[in-house]
Amino acid sequence: MSSVHNKRFVDQIMVMFGRETKKPEQFTEKAIQVHQLKRMTNKEAFLNASKEAHRLQQLKSQKWRNRRWATLIFANLLFVISFALDIQILEGALTASRFVGFHLIDLNSALQVMLAHKHIINNLLIGTGTVLLLWVLLGGRTFCSWICPYHLLAEWAEKLHLYLAKKKLVTDQVMDRRLRTVFWVIFALLAIATGYTVYEAISPTGILSRALIYGPGLAVLWVLALLFFEVFFSRRAWCRYACPIGLTYGVVGIISPVRVKYKLESCFHEGDCRKVCLVPHVLDTVIKGRAVDTEVAIGPDCTRCGLCVDACPTGSLTFEVKGLSKLM
Amino acid sequence: MSDENTDTANGDRKPEPGKVSIAKKQTNRRRVLRTMLLTGGVLGAATSGFLPLIYSKKNRLRPPGALDEKDFLSSCIKCGQCVQVCPVEAIKLADLVDGMGVGTPYIDAREQACDFSCDAVQCILACPTGSLTYHKPAHLTVRPGAELSSKPILLAKEKDAEPTLNLAERIGVARLTRPESCLAMQGKGFQGTARGAAFDGKLRYMSVDRWKPIPVADFKYDREICDLCEQACPIKGAITVEMGLGKDGKRKGIPVVHEACVGCGVCEMICPTEPASIEIIPGEGWRA
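Those protein sequences? They're chains W and R, same order as listed. In terms of the working numbering, the first sequence opens at residue 1 and continues consecutively. In terms of the working numbering, the second sequence opens at residue 1 and continues consecutively.
For the record, the hints were derived by calculation from the structure and aren't laboratory data. Just so you know, not all the hints are guaranteed correct.
[Claimed, not checked] Dumping the calculated PhoX-like pairs for lysine-lysine here, alpha-carbon to alpha-carbon at most 25 Å:
id, chain 1, residue 1, chain 2, residue 2
1, R, Lys-24, W, Lys-275
2, R, Lys-24, W, Lys-23
3, W, Lys-118, R, Lys-136
4, R, Lys-157, R, Lys-250
5, W, Lys-38, W, Lys-22
Take these sequences, add in the hints, and give me the full structure.
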């Protein structure tokens, strides 16, 4: 039982680093039963009727998306007004800031500086530690979808891309996901070897955050180029195949208690969730016959954006805080 | 593979061991090509950040307490907290043309110099990574001539119990780069606002307000021989305009920069000639 989950836990970490998902070899007894039952009832008319009924009842909810957008805009706005109105609540930019005096330092930026400069001062250590703890608690890549300003622009670019794709004007050019891990290693090595924080020069997160707070510059052109690429060539390319920040936070999220939980029994395996997902490989477990248990936690590469939770017609995907249900 | 394709494969997938269709091989090959293209694009963009460093060697005047340029660029996290605390808004963030320096702070002294209106070098206090620092870590060397012989005395704090700025190194040195255009050298005086009515730089005038910097455009000078650089300098004994007689017997002044100069750039900002007769050479050391 627990060996099944342990295996999946390790598998999901490998998937985050870019491995293709595959059908698991081990299942729990209960999961095997449910899978068998589903296979037997697969083609029966009542199942389709049931699906239809669910579809009709489904509330087209965008609850989590709205909450997330509000949070993302609020957080970035707090940076902007802290400086513009001089209210000093959240000073600095996303790379490093001070929240009512407490140092907060972005993990990837901190890593770049530590590798390039090879000297760490206390404030840097304190700020990095605070942020590390924060995102371990809140779910690692939660940073991506709930805070990163590029994510929001990329979401809108994605809508445009999907619209154009539907009109058959563009096609999504899929790439190898291992690329992101390769980039992470390259940028780490570049920082060590050259002594420059090379990634920070092209980080759309940093560029956008500074553009919002201190006014835009030419660097915004790079961000526009990325968005252009995502609209016309490859869906969400930066977040999916390139961004080392995402991988850094992904690793942090491995041990995070906040995650999306999948319930096998109520799922009709229609795949709506995978269509809206930024990182559909984490939802491979919802494919028929793939779930190793009746309840499965979604892996660390998940950005906890909640689009799948909103999209699921049967409520099979929900947010979960591990341990909290036991406490309450 | 589009999303529709992955969705049709949403049922039981049966991989055929050892058998891959030609179509799939082609898609795979194309995917590898695209992946390599994206790799090249992103790395190209990233390494293009080195170009400005190689070609122009742009010498920026960094905020006070900045580490040497190479160390500064490796340690700055590009957050702009120094920008936020500066009372005269002297600090700006560099853009794309600075390559690896994108997002790093610099001071354009001619537009707005650091006049230490904050009294305590707030930008150093704000810096989270030690790029701007009071105490340089022991393993970093000091540029020749960068070390100040004693803590600089801030004229605004001269009567306080602690009149010094906690600075160990200078960020540059003032040089009379255009002596021929200097008004003092020509024996000329100066009346009026230093930089004209349109100039929006600020400076703290002790005779007006000890605590608040005011627009330079709001202050009128009237000097028999121009000595605005000495008048405006916030550091004690950093610059004097030495009066004497020229070869023609006319009275004239010679601006002389002394060892106390920290390179703040106020003299460059206030100089009424266009372009400025006196300038800060960023990163330059003191030479007697």
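**OP:** Would you mind confirming whether the straight-line C-alpha gap from R/Lys-24 to W/Lys-275 stays at or under 25 Å?
**Re:** 22 Å, holds
Original post:
Straight-line Cα separation of W/Lys-118 and R/Lys-136 no greater than 25 Å?
Top reply: Answer holds: W/Lys-118 to R/Lys-136 is near 14 Å, not above 25 Å.
**OP:** Would you check the hint for R/Lys-24 and W/Lys-23, treating anything up to 25 Å between C-alpha atoms as holding?
**Re:** Cα-Cα ~19 Å, so holds.
Original post:
Given the proposed pairing of W/Lys-38 with W/Lys-22, does the C-alpha separation stay at or below 25 Å?
Top reply: 20 Å, holds
Original post:
Do the alpha carbons of R/Lys-157 and R/Lys-250 lie within 25 Å of each other, as the hint requires?
Top reply: Violated, at roughly 37 Å.
In summary, the one numbered hint that this structure violates is 4.
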